[in-house]
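Trainee: For the record, the sequence lines run as chains A and B. Residue numbering for the first sequence is 1 to 104, as defined by our numbering. Residue numbering for the second sequence is 1001 to 1294, as defined by our numbering.
The set of hints was computed from the structure by calculation and includes no laboratory data. Predicted model, so just to flag it, every value in this text is computed and none were measured. Beta carbons: idealized from backbone N, C-alpha and C, even for Gly. All clues stand as given, with none of them false.
Derived pair list, reagent style DSS-like, types lysine-lysine, alpha-carbon separation capped at 30 angstroms:
#, chain 1, residue 1, chain 2, residue 2
1, B, K1270, A, K71
2, B, K1100, B, K1064
3, B, K1016, A, K78
4, B, K1016, B, K1064
5, B, K1215, A, K78
6, A, K78, B, K1168
7, B, K1261, A, K78
8, B, K1100, B, K1137
9, A, K71, B, K1215
10, B, K1215, B, K1168
Which stretches of chain A does chain B cover? Using the computed rule of at least three CB atoms under 8 angstroms from a CB of chain B, they are:
#, region
11, 74-87
12, 92-99
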Amino acid sequence: MGFSTDKLCVFIGLLSLVHAAYSAAQHRAYLRLTKQEFTSLPADVLLQCVLSIVLACYGIVRVVGEFRAIKASLELEKRTWDTLGNRPSFYTFSHRGRFLFHSG
Amino acid sequence: MASSMNWEAARDRLRKLREEQHRCSDEVVSLWEDVLCANSYRLGDELWMVHEQVCIAALDCGNKDVAMMNLHALQEQFPNSMRVRRLRGLFFESQENYDKALKIYDAILDIDETNTLIRKRKIAILKAKDDIRGAIKELNVYVERFMSDYEAWMELCDLYLQEQDYTKAAFCLEELIMSNPHSHLYHEKYAEIKYTQGGIENMCTARRYFAQSLKLNPNNMRALYGLFLSASNVASSKSKDAKTKKDNIKYAAWAAEQITKQYKEVARKKEVDTSSQLTSILHMMDEIQITQTS
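Pulled out of the complex, with its shape left as it was, chain A reads as follows:
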């Protein structure tokens, strides 16, 4: 089932991202304790960070729904003149309606 694997992707991606953040924090704490200068994060944390973002992005894009075409007239294609030309604020009531629909 595609739907649940997508959700799993989001979950794992976010979890892994949190884990990467935690690793980074740990690394900073380790550096502070050993009194070393901070230059950059270790490569494995960076890699995990990037990969988990990609995974989460992929999952979210799949989960939120179908893409719609970038086409300005798509919404209008289904409309007909019957609804577009119907103007509620200019309704008049002096027409055949009362004889057609009312049997009172």
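Given the coordinates of chain A, work out where chain B should sit on it, guided by the hints.
Mentor: Using the frame of chain A, we list chain B on its own:
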């Protein structure tokens, strides 16, 4: 029919009609009477919108009792609302008691001069009294003040059409096309007006706008027929050179092909037999083709 519906389906149907602006007033009233009236307590805040919708629909059907009932419910809930007072005005309008309606509207306009809905009602009253020229005059004043009200432009266009003033109607549609250049319906209607005006130049314009409408929505059957007829007309005119004629014969043939394709598509989808329609269409097209060559 509607009594077998459950209340949720009825609510959704009413919502859809409201959002897409259908005018199926008899359906709205019967949905209310058969299903929702007994379940109105379940609708929550949407109830007031439904009351308004049903009230207008009932007036449209001439069903005074249902309209009164909904109007009273709204009046009790919102005693000072302009929108409800407007509904009262609508009620008097449906009774053809225009003086009383106008009194209500004028009173609202005294408080809120910019209430466009009420201004439009006053124009609608002129229309209902069959004073089309008066309505056009008032509507012109209105669109001068509220230029971005495209509903009004559309109404003005239709009023001009009723008076057979095609040049002015076409101008209104030009405004509408500028407001929404992606709407195939505006292009189609503009082309129809140009087609009605007649003359070879207008026919060429009509053909171009039908083509634009088809570009925006290739399934627009009316535009396909329009393209076919306008291209055939241009092709059969005497004042055009040979190349234009040849091009237009090509356009007409393309439109004819698309029309037959659409018919076949529908026949395939709905599994109905459209062969008799197809033959008559082909017959009609052949006849037009013959008049061109002769």
